[in-house]
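> Each chain, written out:
There are 2 protein chains.
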Amino acid sequence: MPTPHLHFSAFVMNTTSHILQGLWRRPDAGQTDFNSLEHWVALAKVLERGRFDFIFFADVVGLYGDYGGSYEKYVQAGLQIPSNDPSVIASAIAYNTTDLGIAITSSVIQDHPFNFARKISTLDHATNGRIAWNIVTSALENAARNFGYDGLEEHDERYRWADEYVDVTYKLWEGSWDDGALLQDRARGLHGDFAKIHKINHVGKRYRVEGPHLVAPSPQRTPILFQAGSSTAGRDFAARHAEAQFIISPGPEQARDLIEDTRRRVVATGRKRDDLKFFQGLHFVIGSTEEEARRKEIELDEAIDLDGMVAHLSGAVGVDFGGHDLDAPLGDIGNTDGTRSIVEWVQESVSRRAGAQRPGESPGRAATVRDLGLLQGRNSRVVGTPESIADQLQRWRDAGVDGINVVNATIPGSYVEFVEHVIPVLQDRGLAQREYAPGSTRAKLFGTDLINERHPAAQYRGAFS
Amino acid sequence: MPTPHLHFSAFVMNTTSHILQGLWRRPDAGQTDFNSLEHWVALAKVLERGRFDFIFFADVVGLYGDYGGSYEKYVQAGLQIPSNDPSVIASAIAYNTTDLGIAITSSVIQDHPFNFARKISTLDHATNGRIAWNIVTSALENAARNFGYDGLEEHDERYRWADEYVDVTYKLWEGSWDDGALLQDRARGLHGDFAKIHKINHVGKRYRVEGPHLVAPSPQRTPILFQAGSSTAGRDFAARHAEAQFIISPGPEQARDLIEDTRRRVVATGRKRDDLKFFQGLHFVIGSTEEEARRKEIELDEAIDLDGMVAHLSGAVGVDFGGHDLDAPLGDIGNTDGTRSIVEWVQESVSRRAGAQRPGESPGRAATVRDLGLLQGRNSRVVGTPESIADQLQRWRDAGVDGINVVNATIPGSYVEFVEHVIPVLQDRGLAQREYAPGSTRAKLFGTDLINERHPAAQYRGAFS
Chain A
1 MPTPHLHFSA FVMNTTSHIL QGLWRRPDAG QTDFNSLEHW VALAKVLERG
51 RFDFIFFADV VGLYGDYGGS YEKYVQAGLQ IPSNDPSVIA SAIAYNTTDL
101 GIAITSSVIQ DHPFNFARKI STLDHATNGR IAWNIVTSAL ENAARNFGYD
151 GLEEHDERYR WADEYVDVTY KLWEGSWDDG ALLQDRARGL HGDFAKIHKI
201 NHVGKRYRVE GPHLVAPSPQ RTPILFQAGS STAGRDFAAR HAEAQFIISP
251 GPEQARDLIE DTRRRVVATG RKRDDLKFFQ GLHFVIGSTE EEARRKEIEL
301 DEAIDLDGMV AHLSGAVGVD FGGHDLDAPL GDIGNTDGTR SIVEWVQESV
351 SRRAGAQRPG ESPGRAATVR DLGLLQGRNS RVVGTPESIA DQLQRWRDAG
401 VDGINVVNAT IPGSYVEFVE HVIPVLQDRG LAQREYAPGS TRAKLFGTDL
451 INERHPAAQY RGAFS
Chain B
1 MPTPHLHFSA FVMNTTSHIL QGLWRRPDAG QTDFNSLEHW VALAKVLERG
51 RFDFIFFADV VGLYGDYGGS YEKYVQAGLQ IPSNDPSVIA SAIAYNTTDL
101 GIAITSSVIQ DHPFNFARKI STLDHATNGR IAWNIVTSAL ENAARNFGYD
151 GLEEHDERYR WADEYVDVTY KLWEGSWDDG ALLQDRARGL HGDFAKIHKI
201 NHVGKRYRVE GPHLVAPSPQ RTPILFQAGS STAGRDFAAR HAEAQFIISP
251 GPEQARDLIE DTRRRVVATG RKRDDLKFFQ GLHFVIGSTE EEARRKEIEL
301 DEAIDLDGMV AHLSGAVGVD FGGHDLDAPL GDIGNTDGTR SIVEWVQESV
351 SRRAGAQRPG ESPGRAATVR DLGLLQGRNS RVVGTPESIA DQLQRWRDAG
401 VDGINVVNAT IPGSYVEFVE HVIPVLQDRG LAQREYAPGS TRAKLFGTDL
451 INERHPAAQY RGAFS
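Here the protein sequences line up with chains A and B, keeping their order.
Residue numbers for the first sequence follow UniProt numbering, beginning at 1 and rising by one.
Residue numbers for the second sequence follow UniProt numbering, beginning at 1 and rising by one.
Please note that the accuracy of each hint is not assured.
Said to hold, decoys possible - To give a feel for the contact side, a few chain B residues facing chain A, derived at Cβ under 8 Å:
1. T32
2. S91
3. G189
4. V319
5. A390
These are calculated hints, taken from the structure and not from any lab test.
Where a beta carbon is used, it is the ideal one built from N, C-alpha and C, also for glycine.
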């Protein structure tokens with residue numbers, strides 16, 4: 001059942017430069033302290049003060065594809081390298097908070113599902129049921145080569161791999177231990193009920209796992225499942241498995257189309273429309289007046305490392321736009337299948353939007369590398385006073401978006417500002433929660449601790465008895 | 001260089017029943033709360049008050065071998081099932097302590113070395129250099145079958161596997177990032193120095209790992225390395241790789257022989273005698289008088305689940321002594337190669353020691369399953385007043401033991417008692433430290449943050465430049 005208000009999540013990564021490249025160079029940017037627990041605990045406390053539902057850790061387990069022929073730019077920009085493990089800092093965050101959900105990205109490539117399921121169950125106990133898992137397949141060639149593969153599997157095969165991976169974890173989380181298996185009965189000297197703890201004997205294409213699961217049922221058993229793929233295979237995977245999908249739509253109308261399409265797929269799998277919630281990624285430029293907001297936006301644009309933005313896009317889509325001057329015309333760089341749609345997107349935007357022009361330039365000029373960087377930096381940006389931001393968020397809510405994954409310019413600054421200035425206005429309008437609902441993170445979002453009976457994980461309840 | 005005092009470590013596991021089986025049934029036993037972070041943080045604070053060097057987490061990633069034909073006994077006794085992941089609770093412990101080292105057991109079977117190295121480096125940053133790794137190969141068939149193997153590799157092959165595994169991690173920890181690679185230079189906009197961050201391109205029998213390592217050099221780079229094998233292959237592995245070895249010798253003289261043998265192997269590899277420290281596992285029964293101590297020992301013996309002790313031994317050595325009455329003669333159970341040495345050990349002890357006899361029994365009687373359980377429970381036990389315990393620990397120290405891994409009967413009770421009553425006496429005698437040395441755990445134990453140049457990990461410094 002959808003709540004009237006939006007959910008909020010902080011979109012972060014255990015690194016210096018996650019989405020908005022170059023901002024770490026600002027003197028007030030604390031994200032360079034990512035190695036320290038204090039940095040993350042302090043942020044978590046800010047988020048909990050603002051009644052955020054999640055701190056959401058993105059992750060990569062390898063370098064992005066070469067930019068200008070190497071990974072030099074990524075290193076210089078701190079662009080997701082270093083990339084620290086988010087899962088091992090979660091318990092420090094949990095110990096210092098009470099209600100904030102902690103979402104961890106983990107790829108099927110990096111951890112064996114038996115080990116991963118154990119880690120997640122341990123954390124779900126340790127957090128009293130506040131763990132979420134963002135399921136990813138990893139699209140980085142270097143990541144594959146870090147784990148002994150020659151390279152990436154083909155795209156749809158990666159989702160078949162993920163299908164088996166989650167299947168193993170569902171068996172462990174939902175089927176291996178029946179309710180009431182952990183007794184801890186001192187008087188009878190019975191710690192567990194043998195009849196209620198089962199091996200799973202999974203045999204599949206990639207995995208053979210005997211079991212039993214090594215951890216007793218945690219508050220949520222299966223953690224809240226996030227997913228982020230927007231391809232057809234990605235939408236189908238989300239429709240089958242995800243309870244929350246992370247999207248980055250250019251605007252509410254496009255989000256509405258994507259959400260409607262995915263919800264249809266959800267229903268086609270036998271689940272209900274609202275079994276999947278959608279979180280839109282947005283970053284905010286907040287002013288006490290519209291003028292101040294516009295001024296701060298100019299400052300933000302100037303602080304962004306445009307070359308870094310292009311590098312991130314290059315690495316993510318697997319097309320090397322690097323090694324060129326920022327003023328080089330994009331059309332000259334390449335006209336391959338991979339680049340064409342991107343070049344056309346930038347050229348259209350340059351031709352259409354005065355915002356992408358610089359003083360003295362004509363509307364018909366050729367799009368440059370700089371334009372690409374600017375567009376990337378302005379992607380999913382919301383600018384204004386708290387009141388006008390609330391208006392804009394209402395439009396996202398009306399389009400069917402359930403939550404906002406708040407991208408940062410600085411940590412903790414972006415979140416402090418959002419919590420202090422925007423959240424109170426949203427709360428006054430009923431667009432943000434004033435208090436947490438009780439219980440586990442799934443109870444807060446969906447009303448029950450356990451994943452519902454329409455989800456494929458539920459088929460394994462009692463399956464091994 | 002050896003310190004005059006002993007080091008102290010708490011030998012625990014993220015489970016209910018670790019070594020002394022059955023004690024969890026006592027009303028004052030808190031170890032049933034292992035799922036909770038508060039339980040572990042509270043214990044860590046006790047240990048730090050007592051200036052312990054480590055909290056040492058043992059671990060298994062599967063069931064012990066069948067006992068009486070199944071894993072029923074293990075479940076009923078809470079005997080290392082559940083077995084929660086220790087690595088994900090470390091940061092909560094670290095955040096609430098300042099000096100305690102955190103040693104985590106992880107098997108080569110459970111985690112890919114690229115993922116593991118990243119996890120450890122992240123934790124070493126998060127703890128300001130307080131992480132140790134207990135390297136294990138896993139000797140449990142069920143663990144192998146949880147990770148897709150048909151069964152265990154042969155014993156010596158497991159150590160060859162471990163050799164390659166640690167080699168990959170050394171390359172990542174020591175060679176991938178040169179000193180000074182992380183700049184975070186805001187003025188120049190240079191986050192990292194590309195010339196100092198290298199791929200490792202490891203190609204071996206089991207692993208291919210491209211790199212670079214994803215985490216910048218942590219305070220210790222390579223964590224403190226623990227190892228526990230006592231076989232010839234195990235001693236040789238420890239001699240090459242370990243900085244601390246966990247041993248369980250029946251007494252100081254046997255410890256002296258083992259330590260001397262292993263130190264000779266250490267020197268043979270080009271390292272120095274004192275590059276490896278030895279931690280003896282012991283549990284303590286503490287009384288304000290000798291009489292009180294003896295009385296508490298009888299209570300302890302009565303609280304121990306003897307069948308559980310036999311089950312643990314059975315599972316660990318891979319011989320099923322289960323399914324028999326406690327009064328069944330051991331000699332009737334089996335006389336296979338696996339059981340013979342154990343049966344002889346118990347029979348000798350029964351014939352020799354009045355302590356293993358029960359009222360009305362003759363010295364020449366046949367040893368029973370009960371005797372085996374009692375002997376296991378009394379293994380490595382130290383009984384007495386704080387002063388006599390200090391005398392006994394002095395003998396262990398004189399035999400060359402560097403530290404004590406303190407086994408518990410109850411958590412936190414056993415450690416509270418030891419810290420309040422024994423540690424002050426040891427401190428007065430110079431046998432325990434009064435204050436922590438500054439810096440990382442390796443700096444506290446060995447005087448330097450980084451592993452020394454005689455260790456095989458050091459060969460990779462600058463190796464990929």
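> Decide, hint by hint, whether the structure agrees.
A quick look at each hint next to the structure:
no., hint, in the structure
1, T32, "5 Å, holds"
2, S91, "4 Å, holds"
3, G189, "5 Å, holds"
4, V319, "21 Å, violated"
5, A390, "34 Å, violated"
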